[in-house]
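Engineer: With chain A held as given, fit chain B onto it using these hints.
2 protein chains.
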Amino acid sequence: MKRYLPLFASAAICAALPVSAQDAKTYPAPSEIVAAAKADEWVAIAPSDLLVMDLAPDSKGKPRRVVIQLIPAPFSQGWVSNIRKLAAAHWWDGTSINRVQDNYVVQWGDATEKKSLPAGLAVVPESEYVTQIGKGFDLKNFLPNFLAAFPDYAKKFPEVAEIDSKEFEIQLKRRMESTADPYAKGNRNLGGWPTGGNYENGTFWPTHCYAMVGVGRNLSPDTGTGAELYAVIGHAPRHLDRNIALVGRVIEGIEHMSSLPRGTGALGFYEKEEERVPILSVRLGNEAKDVPAFEYLSTDSDSFAAYADARANRRDPFFNIPAGGADICNIPVPIRRKAN
Amino acid sequence: MKRYLPLFASAAICAALPVSAQDAKTYPAPSEIVAAAKADEWVAIAPSDLLVMDLAPDSKGKPRRVVIQLIPAPFSQGWVSNIRKLAAAHWWDGTSINRVQDNYVVQWGDATEKKSLPAGLAVVPESEYVTQIGKGFDLKNFLPNFLAAFPDYAKKFPEVAEIDSKEFEIQLKRRMESTADPYAKGNRNLGGWPTGGNYENGTFWPTHCYAMVGVGRNLSPDTGTGAELYAVIGHAPRHLDRNIALVGRVIEGIEHMSSLPRGTGALGFYEKEEERVPILSVRLGNEAKDVPAFEYLSTDSDSFAAYADARANRRDPFFNIPAGGADICNIPVPIRRKAN
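In order, the protein sequence lines correspond to chains A and B. FYI, in this note's numbering the residues of the first sequence are 1 to 340. FYI, in this note's numbering the residues of the second sequence are 1 to 340.
The following block holds chain A by itself, in its conformation from the complex (with noise of 0.2 Å):
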């Protein structure tokens, strides 16, 4: 049985319409589009999903809360793993921000470099970079896994399950041939995230788009424990993708990292301690104050699948030529707080 394939067929990237100054006028802007989806395409964030820091006050006096969220199964969770114990052991409370480089990242943790870790932190492997789903190009062996990884999706495309083989290999090619993005054949928001895949060997990977947090490490074979943390705060550096590990994104108090003053010695870390910004504490968010509900677009919704054409090819008012396309990082993945 020939149907078309669910898995590819909502794309980033569509191809521009011409549309005509009058036309233009009826098209939605991203932003309308996100504003009009419906209660039922947004999808709650679990309070222990979150990391929750709380830096010291600005030089006014302002609390500066920076909430990330951590990224689910499948991705990277032997480092999430032991972030959640390093955040619950307390062990970021009193340590800084101790490098801020611009157009690049913020990165924090433990300036001093003696602290003791806690016990039971894994060590993760650089397979972990990436996670394998299947073989690719064998349906058998990589649908099952695929829907397994992303049950949202399997929700959503029921139909999925009943693809023939031959087809979901013509469509895979096309899919990989069509993309717009040079770093990632297979790019798309998945599972509500950015990721990068080849569907050749089956493996997916996150994308490193702004605000999006990873692990420091030093030098290859070493991957990092996950207790020295940045945010990208520049133009998506991709070249990063795959070799480091991703674990979050900031989605609330970017800003907070974003405006710090940068950091004058080599790779903008900070060179006199009264420059380092304190950390006072970082919590779960199940284990945190005051922390709001938060819920992002499904990235398998319809109005997901429309604001991302849209993204793509700007028709609202203000644009006369839509750039016909867009990479992974220019679709950001809505994300608010949930009304009450």
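Since the hints were derived computationally from the structure, they do not count as laboratory data. No experiment lies behind these values; they were computed from the predicted model shown. Each hint should be verified, as a subset may be incorrect.
One copy or any two copies: either way a pair holds, since identical chains are not told apart in the list.
To be verified - With a straight-line Cα cutoff of 27 Å, these simulated DSS-like cross-link-like pairs (lysine-lysine) come out:
(1) LYS38 x LYS62
(2) LYS272 x LYS85
(3) LYS289 x LYS62
(4) LYS62 x LYS272
(5) LYS60 x LYS272
(6) LYS156 x LYS60
(7) LYS155 x LYS272
Structural biologist: Chain B in isolation, oriented as in the chain A frame:
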């Protein structure tokens, strides 16, 4: 006569070479390639092509200077000419930075929107968002115009003038298919600047990379005078390409803008007068005091080609998996103060 056309030979995007860990140690990092470039591969930037903006000192009394390089012909010269007039009239003195939107732009100009503009500013049409060079696949029409528009290129590759029409078309098409940038099939660094290009219709344009400076405008068909300017401080907003005029790039001091507090009003505008950052003066580089000499690495140089390849395929020891590609904004043109 068939020969390989250098117009496309020095493509920034090259296939990743599989390398062993042993080999990797012998590959220099992009920064090492730039440091080893020969003196004659660097191109001096004329002081008259600089726009020097002095902001009010920061809270610790430190001076804040932002140096912008104006874009040369064949791009955006209508607006650049207006900007030269505005600087000569000292028009920006006493204006301010009025908008800082996280992961997007910093914008400056007259917050009152009442200050009179100097006489003689041109009204530049939308057609100037792109530069028309010949008619693309028609070689006889295209090539002389292209070489006239980018004279450094013509000097570097004199043999390009001998290319034959059929081969030209074949190579143009190959180039357009092989590029890895989603926003511009003909993208490349050209004449020292990141550009997109549609070789089929012969149009070229500068691209919205980090630190690029553009002309604020209202709804189409208004294209802005150049009095209201912005700089990109986040992931490249490439959907703005061909929809807004780009007139330069910040080459020093971007951190004085990117680290400013984010505005809390709509679109990141500051809501209170005291939040705005005063602009003390803006002068052309030949009128400003204490301006160092700057130079950029010729994008037609061998060192630039090696640098671009290394940016797309990181093989220095930190990296395990080279990306195999890079978007144009991840291959920033190296710019530095000229050694005395």
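Engineer: Checking LYS289 and LYS62: alpha-carbon separation at most 27 Å within a copy, between copies, both or neither?
Structural biologist: This pair counts as within: shortest intra-copy Cα distance 17 Å, inter-copy 38 Å.
Engineer: At most 27 Å between alpha carbons: which applies to LYS62 and LYS272, within, between, both or neither?
Structural biologist: Intra 23 Å, inter 17 Å, cutoff 27 Å: intra and inter.
Engineer: When no copy is named, should LYS156 and LYS60 be tagged within, between, both, or neither for a Cα gap of at most 27 Å?
Structural biologist: neither (48 Å within a copy, 55 Å between copies)
Engineer: Between the shortest in-copy and the shortest cross-copy C-alpha distance, which are at most 27 Å for LYS60 and LYS272: within, between, both, or neither?
Structural biologist: The answer is both: 21 Å in one copy and 16 Å across copies each meet 27 Å.
Engineer: Evaluate LYS155 and LYS272 at a C-alpha cut-off of 27 Å and name the case that applies: within, between, both or neither.
Structural biologist: neither (53 Å within a copy, 48 Å between copies)
Engineer: With 27 Å as the alpha-carbon cut-off, assign the pair LYS272 and LYS85 to within, between, both or neither.
Structural biologist: neither (30 Å within a copy, 43 Å between copies)
Engineer: How do LYS38 and LYS62 come out at 27 Å by Cα distance, when the copy is not named: within, between, both, or neither?
Structural biologist: neither (35 Å within a copy, 50 Å between copies)
In this structure, the hints that do not hold are numbers 1, 2, 6 and 7, in rising order.
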